[in-house]
Amino acid sequence: HRDLHSFPTRRSSDLLKNFVCVSQNMINHYKKKYPETENCNYIKLPIFSLNSNENNVLKVKRDKIRIIYSGRTSKWQNVPEMINSIKVIQKYSNLEVKIYSPDTEEFAKEFISNDIEGVTVESVKPDCLKKLYKEADLGLILREKNIVNKVACPTKYF
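Per our numbering, the sequence shown runs over residues 1 to 158.
It is worth saying that the hints were derived from the structure and are not from the lab. It is possible that part of the hints are untrue.
As the list claims (entries may be wrong) - Here are the simulated DSSO-like pairs of lysine-lysine, each with C-alpha atoms no more than 30 Å apart in a straight line: (1) K87 to K98; (2) K91 to K145; (3) K87 to K131; (4) K130 to K109; (5) K61 to K130; (6) K44 to K17; (7) K98 to K145; (8) K98 to K75; (9) K91 to K61; (10) K87 to K134; (11) K125 to K44; (12) K44 to K130; (13) K87 to K61; (14) K134 to K98; (15) K109 to K134; (16) K61 to K134; (17) K125 to K109; (18) K125 to K75; (19) K98 to K130; (20) K91 to K130; (21) K145 to K130; (22) K134 to K44; (23) K130 to K64; (24) K75 to K109; (25) K64 to K131; (26) K64 to K134; (27) K75 to K131; (28) K91 to K131; (29) K98 to K61; (30) K64 to K87; (31) K31 to K17; (32) K98 to K125; (33) K44 to K32; (34) K64 to K125.
This structure is a prediction, so every number in the text was calculated from the model and none was measured.
Please build the complete structure, drawing on both the sequences and the hints.
Here is the structure:
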């Protein structure tokens with residue numbers, strides 16, 4: 001079963017000379033999993049660049065600490081765990097939660113069925129997200145502990 005899933009990757013590794021990966025962890029993972037690719041050319045191409053000249057935090061004065069989530073309600077986003085986290089967060093009056101997602105109706109249903117009020121849910125254009133990330137104090141990223149999440153490059157870190 002495991003060999004069947006890795007066959008396409010193994011077969012392509014015989015044919016390709018270059019592998020493009022989004023992180024060093026991903027490169028290390030593939031070299032370990034497919035030792036026959038050790039002499040191939042691995043190219044690290046991050047999904048985003050960290051420009052050291054760019055200020056990644058906006059100083060916004062407000063009374064509450066802002067916690068945000070940006071993403072969908074896909075299974076791997078661990079929405080039930082997020083809902084439980086928000087329930088805990090809401091016990092503290094100095095915290096606020098904002099959700100940026102195209103799945104506004106799904107989130108609204110989750111909050112209603114879990115008796116959660118006061119969470120802002122809105123859909124925003126992707127080019128607005130960077131500013132919203134900078135305005136936030138904290139972000140929610142909940143992932144299961146598996147190899148994909150260890151080697152992938154979280155696209156929402158700035």
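Could you check the structure against the hints above and give me the numbers of any it violates, in ascending order?
Per hint list: zero violations.
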